[in-house]
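J.: Chain by chain, the residues:
Number of protein chains: 2
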Amino acid sequence: MKPYKEMTREELLRERAAMEAKYRAFQEKGIKLDMSRGKPSKAQLDLSNGMMDVLNSSADMVCEAGVDCRNYGIMDGIPEARRLLADMSEVPEKNILIYGNSSLNVMFDTVARAMSMGVCGHTPWAKLDEVKFLCPVPGYDRHFGITEFFGIKMINVPLLETGPDMDMVEKLVSEDPAVKGIWCVPKYSNPTGTSYSDETVLRFARLKPAAPDFRIFWDNAYSIHHLYEDDQDVIPELLTECEKVGNEDMVYKFISTSKVSFPGSGIAAMAASEANLADARRSMKYQTIGHDKLNQLRHVRFFKDMDGMHEHMRKHAAILRPKFQAVLGTLESGLGGLEIGTWTNPKGGYFISFNSLDGCAKRIVSLAKEAGLVLTGAGATYPYGKDPHDSNIRIAPSFPTSEELQQAAELFVVCVKLASAEKLLEK
Amino acid sequence: MKPYKEMTREELLRERAAMEAKYRAFQEKGIKLDMSRGKPSKAQLDLSNGMMDVLNSSADMVCEAGVDCRNYGIMDGIPEARRLLADMSEVPEKNILIYGNSSLNVMFDTVARAMSMGVCGHTPWAKLDEVKFLCPVPGYDRHFGITEFFGIKMINVPLLETGPDMDMVEKLVSEDPAVKGIWCVPKYSNPTGTSYSDETVLRFARLKPAAPDFRIFWDNAYSIHHLYEDDQDVIPELLTECEKVGNEDMVYKFISTSKVSFPGSGIAAMAASEANLADARRSMKYQTIGHDKLNQLRHVRFFKDMDGMHEHMRKHAAILRPKFQAVLGTLESGLGGLEIGTWTNPKGGYFISFNSLDGCAKRIVSLAKEAGLVLTGAGATYPYGKDPHDSNIRIAPSFPTSEELQQAAELFVVCVKLASAEKLLEK
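Chains as they are written, first to last, in our numbering: chain A, 1 to 427; chain B, 1 to 427.
Any given hint could be a false lead.
As the list makes no split between identical chains, a pair holds if one copy fits it or if it spans any two.
[As the list claims (entries may be wrong)] Below 27 Å or equal to it, Euclidean Cα-Cα: the simulated DSS-like pairs (lysine-lysine) are:
#, residue 1, residue 2
1, K315, K285
2, K42, K5
3, K347, K42
4, K285, K42
It should be emphasised that the hints constitute simulated quantities derived from the structure, not laboratory data.
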């Protein structure tokens with residue numbers, strides 16, 4: 001089939017009619033499927049069921065610090081959990097602080113603390129006339145949600161194949177003291193699957209911010225979430241790179257086991273310099289006596305160490321890989337050569353990022369929804385929900401069964417073709 | 001033995017010398033005991049061990065809402081946990097919001113939200129020239145820690161036998177719009193064990209605050225933590241009383257299972273009007289996708305309902321009661337009639353509150369510490385750590401074994417007598 005844009009008006013009209021018929025057929029099937037979020041499937045959750053009773057009634061509940069994990073105490077997290085998440089974060093134990101069940105909560109609290117208390121003794125952001133964050137786009141909607149909630153002005157920065165446009169980042173960060181942060185998902189980025197290049201990470205480490213309280217919010221959500229055994233992305237460890245050039249206070253790293261064990265019931269951590277962790281502890285000691293140590297112990301007893309965690313991630317990959325391949329195969333066979341969409345082929349993470357013709361994303365998502373397939377809202381991958389090209393759509397293949405996924409991908413292809421034909425016929 | 005103040009100087013000198021000798025004997029024993037916090041004992045923690053594997057590998061993990069508790073979702077908490085904690089809070093389910101593992105964290109976040117975002121659309125407290133909280137004293141140090149951390153000015157209000165001095169509360173709340181909150185532990189109060197009288201609760205419900213965003217922070221930490229089966233305090237339910245007079249938005253109730261199941265690994269909740277909960281959700285939806293539902297399910301499966309929880313609390317009481325009685329017995333036999341101290345005899349909660357002669361509390365705590373017994377710091381029960389009379393000491397009998405506790409109580413008696421003799425000899 002030839003590219004849509006090379007079609008005559010008549011050919012496009014025929015194409016649209018054909019797609020309308022296919023679309024109606026899908027509507028009649030009564031599909032009801034939610035692909036809006038990056039949720040693990042039941043089969044993936046089952047992988048961690050052994051964690052449920054690894055702490056049984058007769059288990060030893062005392063952690064390495066000699067403290068009964070069933071009682072109050074140990075604000076920083078139990079030593080064995082600190083070690084596990086330090087290894088996962090590729091930092092020394094002294095640079096890790098364990099929090100509760102979700103890294104999103106850690107990020108929210110970190111911005112909240114900066115707003116009300118300031119960063120390491122600097123003026124609270126809430127007292128400044130303007131605070132800005134750089135937002136590589138497309139990106140993660142919940143990041144943008146936090147900064148929007150606190151009234152922080154978000155500035156789009158294009159996410160290139162190597163990571164954020166570092167020329168732009170360097171310029172904005174070094175020239176504007178109102179720029180206080182940047183949201184980054186450096187590995188298997190949400191939604192594009194992009195892993196930052198070595199050069200990008202090194203340029204991050206060497207930033208010379210105008211604001212002394214500028215921080216890189218480095219959300220390493222998919223650090224060990226590979227899809228392939230023999231083709232994995234590796235990125236330099238940012239805190240180490242920052243330390244090399246005396247910039248160790250410039251980064252907050254966030255990590256969690258949400259997509260390793262159980263979403264919402266995992267353990268989360270922040271990795272940062274000792275000065276930044278001391279700053280975090282200054283408020284944490286009023287906020288909690290200590291996070292859930294039993295859940296920390298449960299995770300350590302189940303995974304044991306990073307070898308155990310990597311082994312576990314291979315099982316996740318074995319479930320996820322065919323789902324990604326099914327969607328990618330359907331996109332290729334249905335849309336290949338038509339020049340009405342491009343998509344990413346990630347080596348890890350949870351998403352495929354699809355770019356339609358400009359001005360088609362909302363229509364595609366709306367068509368899918370009306371046929372029973374809920375996708376992430378068009379625009380969600382941009383600050384304020386505003387995709388300037390109305391073209392980016394995040395596809396989350398993890399949750400549906402393979403059968404559902406095949407149907408969803410085929411419906412998606414029909415929606416893309418229908419919306420594209422409509423758009424081209426408008427001209 | 002006659003009261004110290006009736007002793008001659010020579011008698012006091014002899015008494016001091018006798019106590020110094022006893023004190024040295026204690027020092028030689030090499031005691032090492034921490035009674036600083038209200039921590040459950042190992043025997044109490046063992047009561048909940050069945051919760052550890054109530055969710056075993058083959059358990060049904062789907063909650064009543066049809067959602068797999070191992071996955072993302074259900075920000076408000078699973079229905080069965082909402083019902084259990086609503087029952088525990090004595091409010092309808094619509095008035096409960098489940099949070100994470102600790103009510104301290106909920107209170108911190110609630111104050112943090114009021115500071116940065118304001119309460120229900122009112123000006124953020126951080127933007128006001130002055131924010132004040134009323135603090136019934138003696139009270140809970142971690143409450144005072146939160147308000148001090150956020151720069152809120154704390155005003156002492158005497159805690160009478162009926163609860164806070166309501167004449168003073170009514171006057172301050174109705175006259176000063178800078179008064180935005182009051183910390184209350186209405187039942188078996190920390191540290192005095194006081195339960196507010198019916199009249200006090202009704203007067204709280206009928207407050208006419210000058211500030212529309214004034215809130216009562218009602219920390220019902222010991223709502224079901226009775227020591228005696230046949231002599232329990234009952235207080236009116238505040239939210240209901242507030243509703244009766246159209247004041248339902250004036251109260252935040254906090255509750256947790258920290259001292260029911262496991263401290264730090266329990267579940268916590270806020271009970272409030274629907275308007276207040278909607279206000280809380282406005283930030284919560286950016287902070288988390290949902291709290292730990294597996295832990296919620298674990299609690300419901302273990303306790304089943306309030307009957308189960310009350311049954312469980314009777315087991316706690318059976319362990320705690322003899323400990324309280326041992327301390328009270330030792331205080332009575334060692335200090336009765338000397339008029340150098342008064343103490344409370346609570347029907348529930350976790351503490352005995354001791355009042356020494358003015359100016360002796362710091363010395364008593366210091367003496368105890370030097371002999372190996374760590375008590376809650378003198379002054380901790382007052383805002384800014386400043387007890388104007390230097391007389392209140394919080395005794396936490398729960399954690400030590402009965403044998404340790406007996407020794408600790410005897411040492412405490414010696415420290416009180418020694419410090420009192422020293423003080424009276426100063427004159």
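J.: None of the hints should be skipped; say for each whether it holds.
T.: Each hint, compared with the structure:
In this assembly of identical chains, K315 and K285 lie within 27 Å of each other by CA distance neither inside one copy nor across copies; the values are 38 Å within and 31 Å between. Taking the shortest alpha-carbon separations for K42 and K5, neither the intra-copy value of 42 Å nor the inter-copy value of 74 Å comes in at or below 27 Å. Proximity of K347 and K42 under a CA criterion of 27 Å is satisfied intra-copy only: 22 Å inside one chain copy versus 48 Å between copies. For the identical chains of this complex, K285 and K42 are inter-copy neighbours only, at 24 Å across copies versus 37 Å inside a copy, given an alpha-carbon limit of 27 Å.
Of the hints listed earlier, those the structure fails to meet are numbers 1, 2, in rising order.
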